[in-house]
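With these hints in hand, go ahead and build the complete structure from the sequences.
Chains as they are written, first to last, in this note's numbering: chain A, 61 to 402; chain B, 12 to 345; chain C, 16 to 520.
Just so you know, these hints were derived from the structure itself, not from any lab. Note that this is a predicted model, so its numbers are computed, not measured. Any given hint could be a false lead.
[To be verified] Computed cross-link-like contacts, SDA-like style, restricted to lysine to any residue with a CA-CA straight-line distance of at most 25 Å:
id	chain 1	residue 1	chain 2	residue 2
1	B	Lys211	C	Ala341
2	C	Lys151	C	Asn128
3	A	Lys63	C	Ser183
4	C	Lys333	C	Lys434
5	A	Lys269	C	His125
6	C	Lys151	A	Phe74
7	B	Lys155	A	Leu344
8	A	Lys66	C	Gln145
9	C	Lys203	C	Asn172
10	C	Lys68	B	Asn338
11	C	Lys409	B	Ile103
12	C	Lys434	C	Cys283
13	C	Lys342	C	Lys434
14	C	Lys151	C	Lys174
15	B	Lys184	B	Ile103
16	C	Lys293	C	Asp473
17	C	Lys280	C	Gly332
18	C	Lys203	C	Ala140
19	B	Lys289	C	Tyr391
20	A	Lys177	C	Tyr357
[Unchecked claim] Computed far set for chain A versus chain C, every beta-carbon distance over 10 Å:
id	residue
21	Thr69
22	Phe104
23	Ile159
24	Pro179
25	Glu205
26	Gly220
27	Ile237
28	Leu252
29	Asn257
30	Leu344
[As the list claims (entries may be wrong)] Chain C regions said to be covered by chain A (calculated; three or more residues, Cβ under 8 Å):
id	stretch
31	49-56
32	86-95
33	103-114
34	144-156
35	487-500
All C-beta atoms in this analysis are idealised placements derived from N, C-alpha and C, irrespective of residue type, glycine included.
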Amino acid sequence: MNKIIKVLTESRWFSSLLFLIALFLITGAINPTFLSYGNIITCFNSSIVFILLAVGISFVIMTGEIDVSIGSTMGLSAAIAGSIAQQNGSWVMMVVYAILLGLAVGFVNGVGVAILKVPSLIFTLGTYGIVRGLVYIYSGGRTVENFSGAFTRFSNSTVGNTGIGIYLLIVTVIVLIINVVETKTRQGKYFLAVGDNYDGAILVGIPAKRTKLIAYILCGIFAAISGIAFSSKYGQVTIIAGSGYEMSAIAACVLGGISLSGGLGNVIGAAIGAVIMSSISRLLVFLGFSSEYDNTITGILLITIVVLDSLLRQRNVENARRERLIARSCSKKEIRKGHSQE
Amino acid sequence: MKNKLTNIFKNWEFTLLAILILEFVIFGSINPKFFRIASIFSNINNYISICIISLFVTFVMITGGIDIQASSIVGLTSITIGVLWNDAGLNIWMAVAIAVLLAAFCGALSGFFIAYCHVQPMVVTLGGSFLYSGLAQVISNFSKIPAYQGISGFPGKNANGDYISFRFLGKAKLFDLIPIQIVIYLILIILCYVLLHQSKYGRRIFLVGDNPKAAEYSGINSRLIIFSTYVLTGIGAAIAGILLTAQVDSAKYNLGSTFTLSIITAVVLGGTLTSGGKGSVIGTALAALVICLLRFGLTLCFNISSQNLDLPVGIMLILVVSLRQINRIVHHLD
Amino acid sequence: METGESKKLLSIRGITKAFGQNLVLKGVDMDLCGGEILALIGGNGAGKSTLMKIIMGIYQPDAGCIFINGKEVQIINPSVALEECVYMVPQEPMLFPNMSVFENIIMGFHESNATLKARLQEIMADIGWQMDLTRKAITLSIAEQTLVEILRGLMRNAKILILDEPTSALTFDEVESFFRVVKELKNKGIGIIYITHRLNEVFEIASHVMIMRDGVITLGGPVEKFTREMLVRGLLPVDAEHKVENGSVHAAIDYEHLEPAFELKDFCGYGFNDISLKVYPGEVLGVAGVVGAGRTELVSTVFGRDKSLGGKVYLDGKEITGFSTAKILEAGINYVPEDRHYHGLFCISTIAANTTSALLPTPEMGNFILDTKNEYSITQRFIDLFRIKVIDQKQTASSLSGGNQQKVVISRALSTEPKMVIMDEPTRGIDAVARGDVYNIIHQLREKGVAVLLVSSDIEEIVQLSDRVVTVFQGRINGEFSKDEITVDNLTIASFGLTKDEAMV
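As C-alpha cells, this is what we get:
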C-alpha cells in the first residue's frame, strides 16, 4: 500500500488528475447543476479527439522533440474518413487508410528529425505545410460532408446504459495498455531515456535513433486515427479542419505533467491533460462564462501551471544543491591517516 | 574554383540571394508579368505582417528562445485600436499608442516568465497565444459592433480621395508606386540591422544566445537581455497589427491568427539556428522575400490558389534544411 | 614477456579518425591483455577520448581495425560493443537526470529487476559504497554521479573496461576503495584501460602505460620501465622551445610596505565558512585543496555568482561584499572560470567577440554602436601578447585547440585590466606548451603588480607559481604557507586535512 502511495505521489500525472478533480469540484461548488454523472461523463466522452492527439504526441515529446504537423495529419485523415463515410464505406478501410497515412507522415518526420538531425520544430513545420496543402488538394477546396448517418451516430453510442461512449472505452483501454508497455517493458522505457539524456542512452546501448523514429510513427498514426474520431463527431470536415489542434495537444501534454524538454511524463498524464483542455469550455459555461473566455482561461491556466511547476522544480534542485554544499563544508567525516600508514 | 563556390554557399545569405535570382529567372520566363513591380509590391504587401514580425522574432530566436504568441498580439492590437477609437471615443493616435503599450506589456509578461522564472519559451508563449487571443476576443465584445464583423470606418480619407491620417499607414503609396508598408518595413529592416548587428545590445544578444552562463560571467545581464527580446516582438506584432488594420480598414480580434508558422519559417529559412547564438536580420528579410516571391510566382504562373501555397513552402523548407544537414553529415561536421 | 601465444584481449591497428578537416587520430596501434591495467596518458586533444569512443562504438573509425580475442569486430554502435563485453565509464557522467539511481544503473539490461537489484547490492557491499537507490540522478553531486557510472560498469561484467578519468571528482576515501575494486577486477582477468592526467595514479595502479600525443601512440610498455621524468618528457612535443620558468626566479615580495589588494574577512557561503585571506598586488596566492574542498564555490561567490552568507569582501580597501558580477568587474576583479566550456567560452562566436565580451559596458567599445575598430585592436593585442594561434579574428572559438581557447578566456579576464584576477584551474586540459605560455602570462601579471588568486588541484603547479599558499579543507582554510614553507609534501598533507604530526605517524 505504501508503495502505491509512493508511486502515486511521485507521478506527475497524479497531480494532473487531482487538478482535474479540483476543477470539477470548484465548478460544482459554484454551480451545483454541474455535478451530475451525465455532465461529467460528457466531459470525458467529448475529449476523444484531444486524447488521441495528445497520446500520440506524448511519445515524441517524451523523446525530447516536437511535432507540429499532427493537426494537418488529423485534418487529412478526417477528410479521407469523411469521403469514405460519404460512400458508406467500411470502418476497416478508414482505419487502414489512417494507419497508412499516419505511418507515412510519421516516417518522413522521423527520418528528418532522428536520422538527418534537423531540429524537430523546423522539420515538422515543413510537413505541417505539406500535409495542409494535401488536405486542400484532396478535398478540392470544399468541405467534406453528408456522411452516412451510422458513422456520425456512432460517436454518440454508449455502452449499454452507462453513458460511457464506445470511443471512450476503446481509448481508455488503449491508454492503459500503452502505460503498461511504457513503464514495464524494456523498450517502453526507451522513450523517456532518449529524452532524458540522448548521448547517455546511446552509451548504454539504447537504439536512440530508432526510438525517435518509432515515436514519430506512433504520433502520426494516432493523429490519423483521431481524424476518424473527428469526422465521426462533427459530421463534416472543412478545409481548415485540425488547424490549431497541434497547439492544444501540446498544451494537453504540458497540463498532464509531460515536460517539453523530454524525459519526464507519462501517457496517462497526456490523456488527463487532454480531458482538461477539452473540458475547459464546458466548465466555463457552467460557471457562467460565455465561450469567448475559453482561450483566455486556457492561457491563464497553462501559464500558471507551467510557471508554478518550473519554480517548484528549480527551488527543489537549488535547495538540494545548497544543502549538499553546506554538508560538505561542515562534515566531520573521518579521514584515514594518509599514505604513511600503509 | 570549387573551393570558392563552397565558400560562397557557406554564407547562407548568398544562397538565399541565389534562390531569389533563380525565382526571378524561372517564374519570369514562364510568365513575364512576374516582373511587374506593382504586382510584386502588392504581393509582398499581403505578407508584410509576417515580414515585419519575423524581423523581431529573429532577436528572440538568437537567444535560443521562440515566440509563438506574436500572431495573437496582432489581433489584440487591432481590436484594441478599434474598440478604443470606436466605442471609447479616443483619438485614433491615442488608441494606437495604448495598443502598442498593451502589446509591449504582453511581450513583457511572457518575457518575464521566460527570463526570470526560467520557464521554457515554447510553453510560455503557447500559453500566451491562448491568453492574448482570448483577451482580444473578450475586448471585441466590449464593442457595440459584433465581433465577426470587425470595426471599420477608420479616419483617413479626405475630400480628394487621398489617404491621410490613420489610413495613410495602410493605403498610401510612395511615388505612387511603393506601398507605405514596404517603406516602413525597409526602415524597420535598417533599424533592426543596426540594433542587432552593430550595437552593443545586439552583441549581448548573440553572446547570451551562444552561452548564457559565460555571458553572466562576463557581467552581461542575461535575463534582462532575454526579457527585452520578447518586449521587442510584442512591439513588432503591434506595428504589424496597426498596418494591417489600416490596410483592410477593419479591426478584428482574429487578425493574424494564422501567421505563426510562417513567421518561424521565415526566421529559420533566414539562417537562424534554433539553438541560438547565430542569425541575421538580412537573412530573415531575404528569406521572407523568397517565400513571398515563391507564393507570388506559383499563383501567377501555375494558377495555384492561395490556400495551396502551404505545400510548396513546406517542401522548400524541408528541402533546404535537409540539404543543409546532409551537407554537414557528409563533411563529418556532426 | 607475456606468452607470445596468448590471444590479446583487445588489439587495435591503424585507427584513423578525422572530424571535418581536423585529423584527430593518425594511425593508432594498441594492445591490451586480460589482467592488465593500461594507463593511457596524453595531453588534451591528443585523441584519447576519441579513441575510446571508437572502441565503444560511439564513433566509427575512418580506417583501421579492432580485434577482440583475436577476432576482427565491426563496432558500429555501443550495443555491439556491449555485446563484446566492452564498457566505458565516461569522463563526464551521462546519467538520466529524471530517473532514479537504480533505474539509471539497470537501463539497457535484459534481466529482471529483481536479479539486477540483488547483483547491484552485492557489488555495493563489496565496494563498501552506500547509496540511496531511489534518489533522482539530478540531485546527485558530480562525485556521486561518477560513482553511479562506475557501478554501471561493474554491473556489466565487462571483459574490457574503459575508465576515462574516473577519479577527477572523487574524494580521497572514494578513490581508495575504487582502486581496491579495480585491482580486484584486474585479478579476475579483466582488461582495463585507464585514462588519467595524474601521473601518480599511473604508478599507483597501472601495470602498463601508453603515451598518446597528436593522434598516435608515442611510447608504451610496462610501468616498471618508466620514471616520472620519462613520462613527462614523452608528453612534451619534440620541439618544446619554451622553458618553464623556475619558481625560484621570482623576485621576493616586500610585504612590509604593501597594502592588500584584496581581502576576505570571515567570508561564509554555500560550501565554505569563515574564510579570511589577503592577496597583495604583484603576488600569486595559491589556493590548494582536493576536489570538492569548496575553492571554486568560494571564488565564484566572490565573483557574484552565488549568494554569500556572511563576512566581508574588500578590494583596495573598499568594501564590495554582495556586489553583482557586473559591479565586481567594474570594481576591478575578473575570473577565469574552472570549466571553460560551460562558463568561459562562447563557442560559435568569434574570437574577437569572446575576448571583448567583458568590456561591453565600457566606452572603449563604443557608446551605442559597437566600436569594431577598437575591438579589433584590443583582440589583436592579446593575440600577439599571448601568442594565440589563429588564422583570423573572425574564427569561431570552438575551432581553436584547448590551449588557445584557454588563452582566449584568459585574455577576456585580463581585458578589463583588473586589479586582481582569479584563475581557477587555468591549465586544466591543455597541452604542455600552452601550459608554459600560461605560466609566463602569470609571471607577467606579477610584474605588472596585478594580484593573482590561483586555484588549482595541481599541487606542483601551485608550488611552482605561488608566493604564498592557503589550503582549503572541507570549506575552511586549514593552513597558510609562506614562500619557504611551500613544498609539495606540506601542501598535500594539508589538502587532505592532516597536520604534519598526523602524517608522520
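Cross-check of the supplied hints:
The suggested pairing of Lys211 of chain B with Ala341 of chain C holds, with an alpha-carbon distance near 15 Å, which does not exceed 25 Å. A threshold of 25 Å between alpha carbons decides the hint, and for Lys151 of chain C with Asn128 of chain C the separation of about 18 Å falls inside it, so the pair holds. For the suggested pair Lys63 of chain A and Ser183 of chain C, the alpha carbons sit about 37 Å apart, so the restraint of at most 25 Å is broken. Between Lys333 of chain C and Lys434 of chain C the CA atoms are separated by roughly 13 Å; this keeps the pair inside 25 Å, and the hint holds.
Taking the CA atoms of Lys269 of chain A and His125 of chain C, the gap is about 20 Å. The hint holds against a cut of 25 Å. Distance restraint check for Lys151 of chain C and Phe74 of chain A: the Cα-Cα separation of roughly 18 Å lies within the 25 Å cut-off, and the hinted pair is therefore satisfied. Taken as a hint, the Lys155 of chain B and Leu344 of chain A pair is honoured in the structure, with Cα atoms around 23 Å apart against an allowance of 25 Å. Of the pairs offered as hints, the one joining Lys66 of chain A and Gln145 of chain C holds, with about 22 Å between alpha carbons and a cut-off of 25 Å not exceeded.
With a CA separation close to 11 Å, the supplied pair Lys203 of chain C and Asn172 of chain C stays within the 25 Å bound. About 23 Å separates the Cα atoms of Lys68 of chain C and Asn338 of chain B, which keeps this hinted pair within 25 Å; it holds. For the suggested pair Lys409 of chain C and Ile103 of chain B, the alpha carbons sit about 49 Å apart, so the restraint of at most 25 Å is broken. Taking the CA atoms of Lys434 of chain C and Cys283 of chain C, the gap is about 23 Å. The hint holds against a cut of 25 Å.
Distance check on the hinted pair: Lys342 of chain C and Lys434 of chain C sit about 14 Å apart at the alpha-carbon level, within 25 Å; holds. Distance restraint check for Lys151 of chain C and Lys174 of chain C: the Cα-Cα separation of roughly 29 Å exceeds the 25 Å cut-off, and the hinted pair is therefore not satisfied. A threshold of 25 Å between alpha carbons decides the hint, and for Lys184 of chain B with Ile103 of chain B the separation of about 21 Å falls inside it, so the pair holds. Between the alpha carbons of Lys293 of chain C and Asp473 of chain C the distance comes to roughly 22 Å, so the proposed pair stays at or under 25 Å and holds.
At roughly 12 Å between alpha-carbon atoms, Lys280 of chain C and Gly332 of chain C fall within 25 Å of each other, so this suggested pair holds. With a C-alpha separation of about 18 Å, the suggested pair Lys203 of chain C and Ala140 of chain C falls inside the 25 Å cut-off, and the hint holds. As the CA atoms of Lys289 of chain B and Tyr391 of chain C are separated by approximately 20 Å, the hinted pair is consistent with the 25 Å bound. For the hint linking Lys177 of chain A to Tyr357 of chain C, the alpha-carbon distance of about 23 Å falls within 25 Å, and the restraint holds.
No beta-carbon of chain C comes within 10 Å of the beta-carbon of Thr69 of chain A; the shortest separation is about 13 Å. Under the 10 Å C-beta cut-off, the non-interface status given to Phe104 of chain A relative to chain C holds; the minimum distance is some 29 Å. With a cut of 10 Å on Cβ distances, Ile159 of chain A stays outside the contact zone with chain C, its closest approach being about 29 Å. Pro179 of chain A, annotated as away from the interface, keeps every beta carbon of chain C farther than 10 Å; the closest lies near 15 Å.
Here Glu205 of chain A stays apart from chain C, with its beta-carbon at least about 46 Å from theirs, past the 10 Å limit. Separation of Gly220 of chain A from chain C is adequate, the least Cβ-Cβ distance of about 40 Å exceeding the 10 Å criterion. Against the 10 Å criterion, Ile237 of chain A stays outside the reach of chain C, whose nearest CB is about 21 Å from its own CB. Not every CB of chain C is more than 10 Å from the CB of Leu252 of chain A (nearest about 7 Å), against its label as outside the interface.
For Asn257 of chain A, the requirement that its beta carbon stay farther than 10 Å from each beta carbon of chain C is not met, with the minimum near 5 Å. Interface exclusion of Leu344 of chain A from chain C stands, the closest Cβ pair being 34 Å apart, more than 10 Å. Check on the stretch 49-56 of chain C: 0 of its residues sit with their Cβ under 8 Å from a Cβ of chain A, so the three-residue criterion for coverage is violated. Chain A is given as covering the stretch 86-95 of chain C, and this holds because 3 residues of the stretch bring a CB closer than 8 Å to a CB of that chain, at least three being needed.
With a cut-off of 8 Å between beta carbons, the stretch 103-114 of chain C has 8 residues touching chain A; three or more are needed, and the interface restraint holds. For the stretch 144-156 of chain C, the assignment as covered by chain A holds, since 3 residues bring a beta-carbon within under 8 Å of that chain's beta-carbons and 3 suffice. Closer than 8 Å: that is the beta-carbon criterion, and the stretch 487-500 of chain C has 3 residues meeting it against chain A, so the requirement of 3 holds.
Hints 3, 11, 14, 28, 29 and 31, counting from the list given before, are not met by this structure.
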